[in-house]
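These two chains come separately, so use the hints to put the complex back together.
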Amino acid sequence: MRNIHKFLVCTLIFCTVSCKKSYLDEVPLDFASTVNSFKTAQDFNASIYNLYSAVRTEFYSSDEQSPFDYIYGLDLVYDGQPSGPQRFNDYAVSTNPSNSYLTSHWTRLYKIISESNTILSRLPASSVTGADLVFIQANARFFRGFAYRTLAYLYGGVPLVLQEVTSPKTNYTRATQAEVYAQAISDLAFASTSLPAINTVKDGQVSNLVAYHFLAEVYLAAKQYTNAITAATAVISNPNMALMNSRFGSQSTDPGDVYWDLFRPKNQNRSAGNREALWVIQFENDVPGGSSSATAIAGSYQLERQCAPLTRDVTLAGGKKPFLWPVSDYTGGRGIGWAISTKYFTNTIWQSDFNNDMRNSKYNFVRQFTYNDPNQPAFFGQTISTENPPAGVTVPSRVFYAYQSKCTTPGRHPSALYLNVTTGLLSSAAGGTYADQYMCRLAETYLIRAEAYLGANDPGNAAADINIVRARANASSVLPANVDINYILDERMRELGIEEKRRLTLARLGLVYDRTVNVAHNPVAANVKPTSNLWPIPQSEIESNKDAVLTQNPGY
Amino acid sequence: MKYKPLLVKIMRITFLQLAIVLSIVGSSLAKNGKAQAVLKTKISINETGTELGAVLNKLEKNYDINFVYSPQLIDVKQKVNVFTQMRPLSEILDQVLTPLKLTYEASGDVIVIRNLNSTASQAGQINTAPQIMVTGKVVDEKKGEPLPGVTIKIKGTTTAVSTNSNGVFSISVPNAESVLVFSFIGYDNEERVVGNTTIINVVMKENQHNLSEVLVVGYGTQKKSDITGSVVRADLDSFRQSPDVNVLQLLQGAVPGLNIGQVTSAGQTPSIQVRGQSTISGSTGVLIVLDGIVYAGDLSRLNPNDIASIDILKDASSKAIYGASAANGVMLITSKKGKKGDKPVINFSSSYASQNPAQVMHPLDRNEFIQKVKDILWQQAYLAPDYLTPNPAFNVRSKLDATQVAGYDDGTDFDWYGAATRPGFIFDNQLSVSNATDKTNFYVSGGYTKQTGFIINDQFIRKSVRVNLETKVFNWLSIGTQTFATLNDYSGASPDLRSIQLYSPLNTPFSSSGAINLTPNGSINNPFLGTYGNDLDHRNTISGNFYGILNIPGVDGLSYRVNFGNNYYWNQRYTANQYSANFTGAVGKSNDDTYDYSIDNILNYNRTFNQVHKIDLTLVYGARQLEFQSTNATGTGYNNIALGYNSIQQGLILKNTSNAYSDEYNYQTGRLNYGYKSKYLLTATIRRDGYSGFAANKKFGLFPSVAAAWVASNEPFFKLTWVDDLKFRAGYGSNGNLTNRYASLATVSQGAAYVFGDNGATLFGQQVTSLSNSDLSWETTTGINVGVDFSFLKGRISGTIDWYNTNTNDLLFNVKIPTITGFGSINTNVGKLNNTGTEISLNTVNVRLKDFQWRSTINFASNKNKIVALTGSGDLVTSNLFIGQPLGAIYNYQTNGMWQIGETPIAGFYVGGNKLVDQNGDGKITSDDRVILGHTEPAYRLSVGNTFSYKQFTLFAFVNSVQGGKNGYLGYNNPWSDLGIQQGDNAIRNNWFSGTDYWSPRNPGATYRVTGSVPATDPGLYQDRSFIRLQEVSLSYDFSTRLTTKLGLKNLRLYISGKNLATWTKWTGWDPESIQGLAYGAAPVIKAYALGLNVTL
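Line by line, the protein sequences give chains Y and U. Mapped onto the numbering used here, the consecutive letters of the first sequence carry residue numbers 1 to 556. Mapped onto the numbering used here, the consecutive letters of the second sequence carry residue numbers 1 to 1097.
Hints listed in this document are in silico derivations from the structure and should not be mistaken for laboratory results. Bear in mind the structure is a predicted one, so any value in this text is a computation, not a measurement. Using N, Cα and C, we set each Cβ at its ideal position, and we do this for glycine too. Among the clues, some could well be false.
[Claimed, not checked] Cβ-to-Cβ under 10 Å is the rule here; a few derived chain U residues that face chain Y: (1) Asp342; (2) Thr584; (3) Ile820; (4) Ser977.
[Unchecked claim] Footprint (simulated), chain U over chain Y, 3 or more residues, beta carbon under 8 Å: (5) 94 to 100; (6) 112 to 121; (7) 166 to 176; (8) 217 to 230.
Chain U with its partners taken away, still in its complex shape (with noise of 0.2 Å):
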């Protein structure tokens, strides 16, 4: 009941958004037809003795104009002579039809045609003849395109037509009061009066609950109506505008259960996990699938503008189509395709953003330096008792590092880490050509991204090609393909951050002539000397996956497609530096290269029987290998490194070194969805898995699951007119994860072992350095997911929620083993752990009005996890597993204020250092003293995102918090942690954050203790990381059709955007998301401003 409160609170949340949203039901407008422009379009048509017919599909097909006439009361055979130069269309059809005897009219693009008399007929026969013809063109809301086969049906009547291929429908209805609804899978239902208008053109809304969406869900795709497990698409497109370079950073809180970490250099890719950690220390790494392909490279060799759509894979029962791979969640991500249309769409952005910290930091500048040195030695800088008065006889520059004393004589106040860091920038362009015929479609693109960090010398160059391309050889016959290359450039060595913050403002990198001083304090080499030289770090990517469809002849339904993916990755890091090795100059080349190709057969039957059993079957037989070399070749000491890394047998001492290790997996999986009436919904799931990691008796896994789901909302009996649509689902499955390869092989390293003589050879030995198992085994989970789907009020408030508890039995654990043995560890399979939680998602329509709309999502997601069992008896305490306790129980000492002057400490603690609890009383502070105190979980984490639109202006706001709750969340934080640069003379040479709240006299009340001496036991400290976090603000701007039009481009858009702009947090240092705090070498998550366009034409 520990959520109690919490969910109390959410309630809260959604109870305020009802009530909002309740007071604005109905305020719903239909728009009115639009001005008679089509009219006035400037026409050229030469025919001469053409058919009435031909004419007006020439002039529909060349000018964007639907026709609608009635063949049976229009001869459409009748030769007409037609020339003009552009002039206006209704001069043209004046010219053509008046002769006939017909009469038109006109609404939006759509122009019908009547025969002359019978309007004037018609309209007298009102009471007498029950038929009106009413024409009109239906088109989507976004997109402006026609939308075919939608329903009009007459209300109270089963009379119904649908639109054709170009959205255009006519109808006969009785009277004037007739009332037409629409109604079109993924759109809200429209209803117009008929009234004394002819001609109706509807505007459709796309459901926002959106329950025809169409997921990716492993080996094929479903309806999201049809979907039985926990599956969610993340809403990629709010994120659009945010500055980011990888796909996932648009994922940060914007899915439950699907938690993205922070970054901070240029190009890293970010942390996934989902749903909590279920391994301890197997693999925590989520399954990517691109395009249906097991994608093994990182995710920051995708360009995000690539990718249409994200699926996550979240419980058991959906993620078991992947099997043993799947236990740590699978992400499915798909690449865009070619759209119909008219002409081929091209849309080209481009932005420019700033990187700058979020959080600024800085090392200690001169004054604070000095006073740090007396502070350390505070006993003999200060006079007893209390020690607050200076004492005169001490003189703070005989204690000063030998290097400083000059530049404490001279003034010098060198601000290392400014010199050390400048403003960054991402620069990215995007560039796409894409469209679909009814045979062929494509997608082709190429992107630019440049982003250079804080950090000199920090950069990332991403250039990206890609080409996806399908097409219908036969009719039952397709093939395609997608295909891309990214080169990315990490290329550039930045300053040694550790020694940047470590270095004294008292000493400077270059001499008073200019000249760089090689080791400016004698002990740490000056940090710059890395920037020197050349740095290379090329990591490439070419991807290919060749797929065919063949739709078995005679068997309807019946379709196999075998998938061929190809993944090469090769990557190139060449160094140079004339500083390195002592001085005498190091180069380094290596490269290495993955190479992982799939074959997947897939065999689908998919047919609905009597439209009431739908089946879809899916048979998937495949196989995947992965080999990766690398070959690695250094040289040191070097009389002329012009020649760098290209010339590596200058130097006097070569090395040379190589690795490679191969995969394998072969794999079957069917899976049976099974729909009734779409009301009842099974699916079915089991997969056998081999692997090559897998220990010699424990080659192949079998992983079943199932699970079904009820729509409540079609049921007949279901009367709640405010509720649009309701499921309940439930699953059950299991899943793997994988050992790490050759965990289960004792291995003996082999090595340069020793040299007998002056000047003899180097002879090798070997070493046992790991104990084999046999039996290792993956670890499986297994879960229960419940959850249900809601859609009310016509989308304005729809979500999901899911909770689920899942068990990982057989843990992969290095486990701590006494190295009496001669290991220190061995793979096994230790136990059961447990993970439960609960995800909320909301999205509501806060506000609908015709200029203004205001909507809200809002994501909640809490996990909670607990180790249930463990192998053999007991805790094992030096692995840090505990029964009953998270995965990230923190067992340390207890720490109760600092030692203060007057008190005697006890034996091997200091005054000025923290006082340990001895909680067993015993008078002494041993191993046994230490207790639980808390863990590094999160209680949940939440978001809220927000999006105002007001005429063509958005603004976009998401915030995004994690909260640790009670003993949660916490992380280490300890601006001594390395202990040996805080110690002794290291102590007073280095320096430390600015703001550091170290133990003075002054300051007895201090968080961490006084440096240069270290205790007997120095626990640290650990701290709340609670957050929150105003990730995302953006503002866009979309001009108006009218000027598009006349620029000759269909959509314009302008915008600008934050990241990172806020964050209130207890905890101190860099960041808690990055857990970057008060030690050394931390990089600072980024602050970003962009400025972007975005062209289609």
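Chain Y on its own, in the form it takes in the complex (with noise of 0.2 Å):
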């Protein structure tokens, strides 16, 4: 017995070592939760942070093909190098519905919802009141508007989801376009009268004019065309705004244009004197948070590399390679030549303003190449130009064709990528354009509301607007008789071009398969059909959400 007593007096003692309670509370050491991340005005502000650089990410630096998906296989510019599911060179294969390479923009875009409804969601039981209230709501409502208003472009109808997701769903179904258009409708709405003045806001924030300016646009889509009007003319005769008619910003002094300089480094914001910017979208190099780097071509908007041609492999009949590449001048830098422009863009679409439009001019559609290899003396100086190609070189080839020199910063490129100051000669991580870009400019606003004026039957005022741009670039004036959705496109490619995220104009308008197959007759592109305006459903994401069924696209 007394053993056992021992025994049991053993066990006792043992049993009684004990951890406190709070032992196994888990407390995350270097991340936050969403219990603490939503109290203070700061945290919310995070949030929209985060939302501008999701939008700078969808459609600018996600990486070097999905930004892209918006101009190729359209009536801009085709594949320079038809061989994968890339570059729409053939829809069966870039619009199959399980190929993952669409599937990343409506995932893209629906996290922007997402990130918004959870601001929405959860701002009022947090601290934040008045004024800092209205700005979060008309940020993350504007955020929104712009998602949906993208969805519905791209994939039509789509399921609506407006409140925080906290578990897992699996039964979505679509809602009609009409109703995704009047959500967006509603959401831009409230940004447009909630969101600040743009002479108050920072540079590359959204201002009221950039929710008025896309109000329009979805007006223009949900075919309410006076509302579109007003929309459009409430950027358009804001005191703040103008066309930039002069010459101005970093490189004012050198030889060039006022189009030209729109589009130099650093010119883009207001406070380098533009008032023609609505909605910059910011890059800065080798900052942390500014999505653009000398070091890598990773994270940076490559236009560039995909819009100016491999001009290192122009080949002339004697097999002479006379171009130095790749170079920081007119012949592109980096690029590679994957966005070939059409015919229709280089060509057709300037034949009655060739010589006089601004935006045609050498600086701004580069026809012309210098030779540039110093060790080629017999060739180093010459020009040649694409509408006289030198024998042995076609036109347009990958090597050699017109583009737009708003993709590219010829002699500004960041320091650190030149190989050789002297020759200009850049190292293989460039490829990047090293510049702000323009979501939307004051110019589209008036094609807008050209395009609303023509919707409600209105071409004198519709020529008007046109002509107000058209005169900016010393373009004949075009008659009221000759506006029309198709003139008002192609002045779209004149003043906006690689600039535009070209498929949501042709897709807002159901105009995809005409405008490439008929119009600009894309040579490559193939398979388009009628159904091709819209993009199909993911499969990934009809198969996820197996509690209910989201309807595939027709032709799909």
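Spelled out as structure tokens, the structure:
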């Protein structure tokens, strides 16, 4: 019995050795949780900064391919290296619903919506009040409306989610396109009355005018032309806005013109004197959050890489290759000739004003190339033209075609990219477009209003708006009788070109097939059908939404 | 019944071996006594007036001699004088014993002392006085050490004695016909007829089946004979001669149900898995317990030479002691300790091994590369209609990448792969000293291992030291420690293997002037750039487990043990390269460390009552915490990189990051073992586990188990004499699999987001990156295991058969959800998974002659897993989970040959590309045309090891095999899986492997499509990974004792060995086991030849 007592005492001692209850509480050490991240205005502003970053990623910097899904396979450019599922050389391949290439757009746009919803759902319980509350709400609704507008153009009717999702949901159904437009209009209308004025926001921040601009555009899509005119007019008539009519900015003393100045480094923001810019997507080289780097091409907006030709491979009849490449001059930096301009883009649309339209000047639409390899003195300094190419060189071809200089920054690449400052030779990490980018600017607002007037059967006012834009470019006026939707789309090509998210415009108008096949005769894009106007709903979304049916778009 | 043919095959093997065994039974021979060399031992002694007993003791102590005499018959108190210098023992004995009328007789190192007249008188009294005094010494066969406690029984009587601490016995037998039976646990019984000798020395052989082996079972040990679950001790010794640097490599194929993966780089730790995959996306890590303490480090941090044993807990009942962490199996590693001996054992071993690829693969050379360009451009390079005639107008030069034209013109054929590789080696040196006395045992070791891989700069150096020490402070208190430090060095940056394999033989890394080409083909940086600059990669460990054992006074069998285990891992990763960051130079310094401690309080009560009821009760209360932190600083843009990572501040752009996490565990365990007369055994275990990573609503889990065994061979009614042991086992229990830390929390990531305005400040953003799940729970694996352990024909055939069936519920899975939610997936508990399998382990002694032995080990394991249920309704297609199918189901498009010239491919497909089967016949290839093509799991694993010993030679050969069966063990093998680099220009510019069977008009029946264009759907190809590999061969020679004694050594062994000598497989590419096919960036599995030496002092 004594032994048993000892045993019991030992067991007792043993069992009372214990840890504190809080020992197992889980405390994250290097990340935050939703529980403590949505309290103050500062927290919500952090979420909004993230939304800016998300928009920049989706439309500009995610990778070398997907931002350009907005321009490939249409009337503007075609694939210089048809081989893969990207770049829309074959719609049967590129728009296969199982391919993940297009899924990323859907996912990123819905992430913008989801983050906006989180802000909106968590605001009421937070400590944020007054002007801060209105500012945060207006921003969140702007980004949500902007994302829904984009989804509706690309996919048609999509599921509408307006609250934060806190538990898994797998039974979404599609709303109609009209319902999605209505939601975008509601959000953008709220933002247009609640966002701050353009002269009070920081460079790159959205203002009420940005909301009005997109509101006008969605009204167009919803065929509410009068509302569109009103919203566009709110932008155009604002005293802080004006088209730039004289030279300005960082390279205003270099040979060029005012249209060229619009796209030079550091010239996009209002603080640079630019009164035309509405929403400028910010790039800052080698700064955290700047999304541009001189040490790697990834993260930068790779428009130069896509749109400038691969002059390296220009081979003359004798086998000589007279271009040094890649060089920071008008040969196009480190372009690789993937986005070859269609003949429609380089020639057809300029016919009436080929020599006087500033937008077709040698500074802006590069057709003349100067041999730049100092090791080949027999060629060095000679100039050749896409309009009269030397023997052995095909135009357009991947190595030689006319392109818009707004994709590059001749002589102004970040200094770390130069391998040789004298020759301008760049390293293989070049290929970005090292300047801020317009998501929208006033010239486009005029063209939106022109489209609205056209829709409202007022070609006179439509022509008047178009002519304001043309006048700045020194182009001849258009007669009201000649204004139709194709004219406006051509004018958008001339004014905006590769700056525009062209697919959104054509999809909004239902003209992807017509413009690509019948108007511009895109020489590469195969298997384009009238149903190609909308992208397919991603197969993975249909499959993971297993408790309800997400109907696929017709033709897929 | 799928496995029936296989079972038949296995049984056939068994019968064959049985036949061999039967034909040799009875060949065991008794060894004759050694020559009386002991009497020639040179002795020095100087004693005056000393008692005889004291003199004999002194001789015993100083000269490995054992005297046997009867104190009743011989008066050891008589005083003697003896003085001699370096004279034979016989002289001294004559000098001392003759005056006392004593005589002696020697056998081995045993000397029997008798009265001078007794031998004669006994001899004369054989028939009348039934007493013959027999003495002798019993030693162990392997180590030659004396065996104390051996029972010696006169056959047919109850008379028995046992050996003393020197292994010496003496027994009186009635007559010369008497038979002595020598028995000792763990050893085969030996029988000797007394005959006319009075000295019988016996060498005892260890049982092959070895049921007395003591296995580690978690918070304690158990004799194998008492175990009720499926616990296996790995046979490390057979593989010790293998050129391996990681202990897991010693286990590859050696334990049924323990699956060890392949390695392809220096110092790499292979993957481990026990009994198939029981989780989808929960942790698949096997719980590793080192000397009783959970070990979170990488196993390359352990010196294999310090490891004494590895025990694996496989079934639910034996794993239950580790509760929520045990579902994937438990590996218990025990380090060495000192063994009792008359003097310290000093062991030195050294080996050198070569390292070359087991399979030689080479990228295309110049001519093949140029042909490849033509084949990609076949429509231009050849003439219609059949495209077999070269097109004279086609100029391949004009199609080459611009950077490759010069190389084309001047005949360049640069061997990138050759320049990036060289034969490697392993150089291994080990030194250890160990010993044990009654109070203290110790093991001290040091090791140095250097391995250079086949890829340049692929290097691994391990320096390790260990001290294991245990001492008895008082009779009731022992304290001890197991401590070690390991410094692993992986420094050195290898060239980028993927780029090496991609580079064309028409490009060169250096210009003609010898300067390095930064980007020889204009798009991929020179893969050798990474080898410039400095690269430091240190992974260091110190570990100390400190323990005390208190034998509670007054309560027999009650002890309390406290373990305080500490592991500290710290890693340093420093790099500096002038070419990084677009040639502006980049440096980085990353430091991280992990500290964990465990405190276990273990109360044990172990007692046998009335020699019938055996009770072993263990209670554990413990806590464990693990803390990780890292700091990372990088810089880019260096005008002068000479100071490298020691002067990061010289960079233009500097970045810092830091990370941290912590885990806490708190647990209680109880285990009761009850044995009745060693016939009926019962084990009941329960564990309560708390873990910080469990969701707020689920902090603690309870994991019970019970198991029982029946030792049939111990039943009195069991009469089969050819059966040595037969035990049936059955167990049932549940284990858990932990959730990942923080998996239940909604996380918000924060980081630099945006900059407003030119030269503006960075603004930080936040984004919700995961959904929370406050009900997220551990997975519970519940299962049954039945098994039988057997030993027949005195251990000639022994083995184990196990069958198990487990169900994992609440499977942890990151379920894909529509990204409409803003999230791609959520961590949740989704369903039920079943695993069933059979494991057979068979050991046979096929031949046992005096000089020649042949032993075999056969291991077989099969496992089949199947998803039984999933949350909600139906399959989770996007997550690749299908009810009724294995986890590794392959759901994809079925290919059916190629689109050939003359055929019109459907939209989105091309001639020279795969034809996909339109399963639903709707004329289109859509996602509905996917089907289950097979699965990735193997059908079974089989290994056969054979050991042949002839005199001092030992040959070991081990063949390992993994077989897929029908549509099983498939692996993705697609040379074009890296889409971006094998399309368009890149396909022309980049290289691939010679021997890739790609389509061209000349090769219409190819395996792989033509590159250049990518079809709308490109499913790739799955291949059977089944293989048979001659994994180990070693031949060792132990020098004779005569020679080693002369050299003053205990043992001297020389060996040669080979690893991965041959592989038979249908897989194309590097290696089926490492699942490296024709894709880029893969490194080969290594074939090695080793030469080694092992010396024991």
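Subject >> Structure versus earlier hints - violations, ascending order >> reply: Checked against the structure, the hints that fail are numbers 1, 4 and 8, while the rest are satisfied.
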